[in-house]
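Q: Taken in sequence, the protein lines are chains A, B and C.
Letter by letter, the first sequence follows residues 1 to 151 in the numbering used here.
Letter by letter, the second sequence follows residues 1 to 151 in the numbering used here.
Letter by letter, the third sequence follows residues 1 to 151 in the numbering used here.
Any given hint could turn out to be false.
[Claimed, not checked] Restricting the straight-line Cα-Cα distance to at most 27 Å, the calculated cross-link-like pairs of lysine-lysine (DSS-like) are:
#1 LYS24(B) <-> LYS38(C)
#2 LYS38(B) <-> LYS49(B)
#3 LYS24(A) <-> LYS38(B)
#4 LYS38(A) <-> LYS24(A)
#5 LYS24(C) <-> LYS38(C)
#6 LYS24(A) <-> LYS24(C)
If you're looking for bench data, these hints aren't it; they were derived computationally from the structure.
As a plain string of letters, each chain reads:
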Amino acid sequence: MDTKLFENPIFRAYIFYGCLLTLKTIGMVFLIAKYRFKKQIFISPEDTKMFLVKENATVTYDDPDIERCRRAHLNDLENIPFFMFVSFFYVLTDPNPIIAINLFRIYTTVRFIYTFVYAVIVVPQPARSISWTIGFWITMYITISTAIHFW
Amino acid sequence: MDTKLFENPIFRAYIFYGCLLTLKTIGMVFLIAKYRFKKQIFISPEDTKMFLVKENATVTYDDPDIERCRRAHLNDLENIPFFMFVSFFYVLTDPNPIIAINLFRIYTTVRFIYTFVYAVIVVPQPARSISWTIGFWITMYITISTAIHFW
Amino acid sequence: MDTKLFENPIFRAYIFYGCLLTLKTIGMVFLIAKYRFKKQIFISPEDTKMFLVKENATVTYDDPDIERCRRAHLNDLENIPFFMFVSFFYVLTDPNPIIAINLFRIYTTVRFIYTFVYAVIVVPQPARSISWTIGFWITMYITISTAIHFW
């Protein structure tokens with residue numbers, strides 16, 4: 001890519017927040033693993049015979065804490081890759097830098113809040129709904145702006 | 001990116017259809033929410049104490065309509081991000097524009113059909129199999145062409 | 001994109017291994033379909049009335065072989081798209097070619113091993129843990145390097 005794109009603050013912000021979102025999403029595994037080892041509940045039969053796993057280890061798919069983390073993780077997969085995809089092309093539409101960079105910032109913030117209120121400390125609704133909805137409409141705005149630009 | 005890529009009709013079509021696929025996939029939530037509110041069946045316990053949710057709201061994971069939509073959504077996640085990834089690099093292999101643009105168009109069409117016959121109005125098989133298979137082989141063709149080009 | 005990027009061996013390796021990972025992930029369907037037809041266990045009621053499906057076909061979500069393949073597939077979705085996203089921008093940070101190309105090579109290899117030991121022939125743990133962990137830390141390294149570069 002040419003040097004101009006590299007010096008573009010929108011492009012740099014896009015990559016930086018995309019990396020933060022990636023760390024957050026793949027980091028869900030630490031939260032899930034913490035519960036799995038604490039509760040000795042694993043995902044596959046061979047895991048119960050692993051090093052450091054106790055004899056009472058079981059395989060179940062109905063533990064409320066573990067399934068809650070897995071639902072939060074699945075919601076990330078439903079939303080974040082699509083946000084990152086459309087945002088890349090949104091950067092190429094030469095948007096207003098203040099709007100664009102703040103959209104990336106707000107999106108990243110609400111996705112961190114979403115995970116926190118869903119899977120770390122369960123905060124009553126509508127905490128999760130609001131954080132999800134803000135992220136959803138940011139993605140919608142970015143997608144529609146980009147689609148119109150490249151029509 | 002340089003101006004030439006921007007004026008490339010294959011690249012523009014790629015972005016446009018990628019945005020349509022993104023809207024379709026993230027839009028699955030409207031279909032699922034419609035059923036959740038109509039049937040008062042939610043995904044997490046705290047949702048049953050939300051504003052606008054009735055007292056008889058429950059949490060179950062076996063409602064046929066809701067699970068059907070979720071399966072259709074999961075199938076999108078299994079296919080569309082990979083299609084969008086390889087198609088980006090396929091554009092860079094300088095393919096025949098008529099073939100490339102029509103592959104994007106057909107792929108987008110069959111994924112909309114897939115969702116429709118799976119989750120909107122249940123059409124007997126092989127409607128879903130055929131729409132899925134066309135999309136699958138388009139992705140295979142694009143991936144293999146691109147892999148050979150960049151070997 | 002300019003010609004320089006096209007001739008960049010890191011970029012070419014990135015695309016090539018990304019295509020291999022895409023083929024592997026979307027190819028999971030063959031493994032799952034093999035079990036579905038062999039065991040006559042399908043995902044949706046309309047599938048049991050399909051051409052080539054026997055009369056004793058059922059819909060269940062607890063077959064150990066099928067669910068094992070679906071877990072392996074879901075793990076791909078949790079990891080591979082994020083790896084491919086951050087690796088693209090990692091290529092743009094102008095990394096050491098020997099390190100970068102080998103990271104892509106090792107990542108691809110361990111993801112193939114992961115699928116093999118999880119879903120093709122069940123190898124006792126820690127085979128799956130080790131292959132997953134190597135891939136996870138490669139993604140972490142790439143993501144953190146890239147985030148620091150574009151801060």
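Q: Now, for every hint given, state plainly whether the structure supports it.
A: Structure-based check of all given hints:
1. LYS24(B) <-> LYS38(C): violated, 33 Å
2. LYS38(B) <-> LYS49(B): It holds: about 16 Å lies between the C-alpha atoms, which stays within 27 Å.
3. LYS24(A) <-> LYS38(B): violated, 33 Å
4. LYS38(A) <-> LYS24(A): holds, 21 Å
5. LYS24(C) <-> LYS38(C): Status holds; Cα separation ~21 Å.
6. LYS24(A) <-> LYS24(C): With Cα atoms ~25 Å apart, LYS24(A) and LYS24(C) stay inside 27 Å; holds.
In this structure, the earlier hints numbered 1 and 3 are contradicted, and the remaining ones agree with it.
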